[in-house]
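Student: Please build the complete structure, drawing on both the sequences and the hints.
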Amino acid sequence: MTETTDPYAAFASTRDTTEGKVFTVTGQDWDTVVAGLGEEPEERVVVNMGPQHPSTHGVLRLILELEGETVTEARCGIGYLHTGIEKNMEYRSWTQGVTFCTRMDYLSPFYNEAAYSLAVERLLGIEDEIPEKATVMRVLLMELNRISSHLVCIATGGMEIGALTVMTIGFREREMTLDLFELITGLRMNHAFIRPGGVAQDLPPGALDKIREYITWMNKHLPEYADLCNANPIFKARLQDVGYLDLAGCMALGLSGPVVRSTGYALDLRKTQPYCGYETYDFDVPTWDSSDAYGRFRVRLQEMHESLKIVEQCADRLEKMDGQPVMVADKKIAWPSQLAVGSDGMGNSLDHIKHIMGESMEALIHHFKLVTEGFRVPAGQTYVALESPRGELGCHLVSDGGTKPYRAHFRDPSFANLQATSVMSEGGMVADVIVAIASIDPVMGGVDR
Amino acid sequence: MGLEEQLPAGVLLSTVEGLLGYMRKASLWPAIFGLACCAIEMMTTGAPRYDAARFGMEVFRASPRQADLMIVAGRVSQKMAPVLRQIYDQMPNPKWVLAMGVCASSGGMFNNYAIVQGVDHVVPVDMYLPGCPPRPEMLLDAFLKLHDNIQHSKLGAHKKALQAEQEAAALTAAPTIEMKGLLR
Amino acid sequence: MSEHQPENLPATSPAGDAQAPRAEVIDQRQGMFGVRGSGDTSGFGGLRRQVALPGATPKPYGSWFDAAVERLEGLTGDASIEKVVVDRNELTLHIRRENLVEVCKHLRDDEALRFEFCSGVSGVHYPHETGRELHAVYHFLSITHNRRIRLEVSAPDADPHIPSIVSVYPANDWHERETWDFFGIVFDGHPALTRIEMPDDWPGHPQRKDYPLGGIDVEYKGAVIPPPDTRRSYN
Numbered sequence: 001m002t003e004t005t006d007p008y009a010a011f012a013s014t015r016d017t018t019e020g021k022v023f024t025v026t027g028q029d030w031d032t033v034v035a036g037l038g039e040e041p042e043e044r045v046v047v048n049m050g051p052q053h054p055s056t057h058g059v060l061r062l063i064l065e066l067e068g069e070t071v072t073e074a075r076c077g078i079g080y081l082h083t084g085i086e087k088n089m090e091y092r093s094w095t096q097g098v099t100f101c102t103r104m105d106y107l108s109p110f111y112n113e114a115a116y117s118l119a120v121e122r123l124l125g126i127e128d129e130i131p132e133k134a135t136v137m138r139v140l141l142m143e144l145n146r147i148s149s150h151l152v153c154i155a156t157g158g159m160e161i162g163a164l165t166v167m168t169i170g171f172r173e174r175e176m177t178l179d180l181f182e183l184i185t186g187l188r189m190n191h192a193f194i195r196p197g198g199v200a201q202d203l204p205p206g207a208l209d210k211i212r213e214y215i216t217w218m219n220k221h222l223p224e225y226a227d228l229c230n231a232n233p234i235f236k237a238r239l240q241d242v243g244y245l246d247l248a249g250c251m252a253l254g255l256s257g258p259v260v261r262s263t264g265y266a267l268d269l270r271k272t273q274p275y276c277g278y279e280t281y282d283f284d285v286p287t288w289d290s291s292d293a294y295g296r297f298r299v300r301l302q303e304m305h306e307s308l309k310i311v312e313q314c315a316d317r318l319e320k321m322d323g324q325p326v327m328v329a330d331k332k333i334a335w336p337s338q339l340a341v342g343s344d345g346m347g348n349s350l351d352h353i354k355h356i357m358g359e360s361m362e363a364l365i366h367h368f369k370l371v372t373e374g375f376r377v378p379a380g381q382t383y384v385a386l387e388s389p390r391g392e393l394g395c396h397l398v399s400d401g402g403t404k405p406y407r408a409h410f411r412d413p414s415f416a417n418l419q420a421t422s423v424m425s426e427g428g429m430v431a432d433v434i435v436a437i438a439s440i441d442p443v444m445g446g447v448d449r
Numbered sequence: 001m002g003l004e005e006q007l008p009a010g011v012l013l014s015t016v017e018g019l020l021g022y023m024r025k026a027s028l029w030p031a032i033f034g035l036a037c038c039a040i041e042m043m044t045t046g047a048p049r050y051d052a053a054r055f056g057m058e059v060f061r062a063s064p065r066q067a068d069l070m071i072v073a074g075r076v077s078q079k080m081a082p083v084l085r086q087i088y089d090q091m092p093n094p095k096w097v098l099a100m101g102v103c104a105s106s107g108g109m110f111n112n113y114a115i116v117q118g119v120d121h122v123v124p125v126d127m128y129l130p131g132c133p134p135r136p137e138m139l140l141d142a143f144l145k146l147h148d149n150i151q152h153s154k155l156g157a158h159k160k161a162l163q164a165e166q167e168a169a170a171l172t173a174a175p176t177i178e179m180k181g182l183l184r
Numbered sequence: 001m002s003e004h005q006p007e008n009l010p011a012t013s014p015a016g017d018a019q020a021p022r023a024e025v026i027d028q029r030q031g032m033f034g035v036r037g038s039g040d041t042s043g044f045g046g047l048r049r050q051v052a053l054p055g056a057t058p059k060p061y062g063s064w065f066d067a068a069v070e071r072l073e074g075l076t077g078d079a080s081i082e083k084v085v086v087d088r089n090e091l092t093l094h095i096r097r098e099n100l101v102e103v104c105k106h107l108r109d110d111e112a113l114r115f116e117f118c119s120g121v122s123g124v125h126y127p128h129e130t131g132r133e134l135h136a137v138y139h140f141l142s143i144t145h146n147r148r149i150r151l152e153v154s155a156p157d158a159d160p161h162i163p164s165i166v167s168v169y170p171a172n173d174w175h176e177r178e179t180w181d182f183f184g185i186v187f188d189g190h191p192a193l194t195r196i197e198m199p200d201d202w203p204g205h206p207q208r209k210d211y212p213l214g215g216i217d218v219e220y221k222g223a224v225i226p227p228p229d230t231r232r233s234y235n
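Going down the list, the protein sequences come from chains A, B and C. Position one of the first sequence corresponds to residue 1 (this note's numbering), numbered consecutively onward. Position one of the second sequence corresponds to residue 1 (this note's numbering), numbered consecutively onward. Position one of the third sequence corresponds to residue 1 (this note's numbering), numbered consecutively onward.
Treat the hints with care, as some may be off.
Claimed, not checked - For lysine-lysine, the following DSBU-like pairs were computed, each having C-alpha atoms within a straight-line distance of at most 35 Å:
| hint | chain 1 | residue 1 | chain 2 | residue 2 |
| --- | --- | --- | --- | --- |
| 1 | A | Lys271 | C | Lys59 |
| 2 | A | Lys331 | A | Lys369 |
| 3 | C | Lys105 | A | Lys271 |
No lab work stands behind these hints: they were computed from the structure. From a predicted model like this one, the values you see are computed outputs, not experimental measurements.
Tutor: Dropping the structure here:
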């Protein structure tokens with residue numbers, strides 16, 4: 001069959017293994033594949049939904065053993081997006097580490113940055129000295145990120161089951177969120193904005209008005225998703241009773257996030273182990289009781305509304321904080337420069353240049369040392385966990401007293417949650433595998449790092 | 001008179017190239033090869049605000065057999081490189097490759113063991129698009145430049161002559177590191 | 001202020017009677033810039049810096065740590081806990097690798113401990129700590145009591161075996177595979193210890209300190225910038 005013309009014969013050709021014949025299907029006629037199956041049409045077929053596939057949320061390889069349409073075994077092959085970010089961070093200063101870790105889970109970059117920055121701040125011992133405005137801005141950006149991440153989950157989930165309108169409206173709303181990100185941080189994605197010590201820059205003028213417009217827009221448009229999907233019989237038929245995993249299963253497999261909340265248990269680190277002042281905000285933790293994909297969808301929808309409530313509270317607080325600093329006061333840690341858009345593009349603001357060149361020698365020295373060497377973090381290790389849109393995102397940071405992380409490891413929620421694929425898919429149909437994975441909402445950048 | 005004015009210049013000089021280029025660039029169907037963050041920006045380019053559908057490019061084909069353009073969007077790891085090559089090989093001619101983002105163009109910020117330092121190590125690239133990630137407008141600009149390239153690409157004997165010329169130039173060209181003395 | 005705040009929020013300030021851990025020197029770095037033989041004539045080559053990680057904390061540990069450690073020692077015996085470190089409000093127990101599975105069972109099952117949620121394993125490679133180079137760090141969360149604990153297990157490079165706790169915490173499956181993939185720590189008893197992130201036939205274990213970053217020189221016109229691990233860098 002594939003012996004003669006297969007260019008990949010060196011890697012995999014037809015062969016007999018202890019499990020049976022293995023065929024490499026590289027685009028030849030399906031008839032020739034089936035002809036080789038032999039007399040037993042009920043044989044199990046191992047299908048590889050390879051890393052390039054429209055419906056596996058990114059480069060995820062699914063190895064499914066099928067009996068007819070039923071999945072008897074499902075395994076995940078990951079690592080196709082492994083970037084070596086953790087090792088790369090060991091060769092960069094503490095502040096530069098933010099630009100690396102932000103690209104791990106690329107749909108919720110602020111969470112990566114916040115977990116890392118909180119861990120660095122805990123190692124530095126400056127947790128109490130982070131200015132309040134910086135903390136409120138962090139919460140604002142994180143909750144906006146939660147909304148945009150859930151929108152992508154719902155949009156791509158809808159696309160994967162064929163509901164393309166959900167995708168177009170999801171991305172329309174996401175564009176409004178990205179506009180806000182661009183206004184505040186300068187970038188649409190992968191902003192290296194939350195840094196150890198605070199945030200990179202102050203809110204630009206007019207940002208609060210834009211945030212309020214955004215809240216009004218979202219309050220008007222978020223119910224569209226509910227109207228489109230919640231009672232839709234096809235949607236319910238595709239999602240209900242798919243990917244069932246009860247609370248005991250979740251705990252055993254170390255799952256967190258909307259998957260656990262869909263079982264009825266309100267496990268949310270923002271409430272149980274609050275960070276960044278979350279205990280002072282008024283919001284609920286939505287749960288559902290069906291432990292299936294539909295429950296997770298409803299939980300995510302409701303979480304977007306809750307996040308919007310938090311965004312509104314943040315905007316109220318920020319209104320009273322005009323002019324407050326956004327970086328820690330200690331000049332030996334605070335990132336020195338302020339960026340501004342000038343006639344030749346974006347660069348250091350002229351005020352800052354005037355200050356360091358003309359006014360203060362200490363400021364020049366601080367700027368130089370911080371940018372070239374970076375600050376030193378006392379030795380030790382710490383683990384800081386946040387509630388990212390997918391679950392518990394933890395950062396385990398080890399410092400040896402130097403200017404670079406000795407070891408930075410991220411416990412990514414997608415990595416842990418994806419282990420449940422086998423449990424959720426085996427016994428179901430192939431189409432349900434897609435829905436189950438979409439309901440876990442893995443982001444392969446976080447899984448592979 | 002009206003129809004001839006609307007056709008691109010050069011048709012009157014009877015170049016089939018112009019006509020064929022015009023046909024080929026008109027509705028390039030991309031193959032899904034979204035890997036990482038750039039894939040999200042690629043998806044937003046297909047989404048309502050930036051609308052790749054006005055170029056006929058909103059149908060991302062799942063099967064490479066039906067695609068013309070492979071947009072490598074994101075970082076290509078060592079594990080993914082053979083898969084990339086296999087998908088490229090499965091695309092029928094004529095095909096083009098657009099390396100979207102710095103990770104696809106040159107390895108980007110990830111200069112390490114795990115990332116292929118530029119997908120041109122694996123597949124021939126027609127358009128490099130820098131950015132981390134590039135804005136949707138930048139991707140649309142890359143599309144338009146690629147359309148321009150396709151419009152003016154040569155065929156048949158002209159193409160062979162061009163390739164021979166480029167190969168000769170590349171063989172005698174100095175490597176990047178030898179190009180000194182440019183600052184003065 | 002929402003009414004749903006749990007009462008057992010973790011302490012945010014150090015308990016009054018906690019003591020600082022003694023420093024434990026693991027390495028000595030020479031010179032300001034890490035790379036050797038660069039012809040550095042700046043005079044910073046004479047700098048000596050000791051790398052000292054937090055060592056054992058003397059009793060009492062403060063807040064809930066004392067009760068938990070006593071409880072665990074009562075269940076497993078004194079010998080399993082090598083060292084207790086309380087640093088930055090976090091409790092780290094260094095466990096002997098032979099006792100790891102038993103300790104984890106007690107952590108999960110005992111009423112007073114009840115650490116149901118395992119956040120995963122993280123490997124750390126300390127090449128200069130001869131005899132204890134490879135560390136596997138486990139983080140646990142007790143949802144019932146709302147607190148976190150860290151276990152640290154060491155193994156030498158010559159014998160990189162650590163028992164697997166997948167039988168106690170199935171959540172650790174992929175995490176242990178990842179730690180094997182990146183550090184070469186063999187988890188005995190793991191159902192399927194294979195590479196997970198790197199290609200299946202990749203040689204070496206990338207995140208070890210003796211494995212190079214693997215970057216290439218970036219070529220410019222007339223100049224080259226070496227990859228970050230071979231450049232001069234601050235020690």
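Student: All the hints need checking, so say for each whether the structure fits it.
Tutor: Here's how the hints hold up against the structure:
no., hint, verdict
1, A/Lys271 / C/Lys59, "holds, 31 Å"
2, A/Lys331 / A/Lys369, "holds, 11 Å"
3, C/Lys105 / A/Lys271, "holds, 28 Å"
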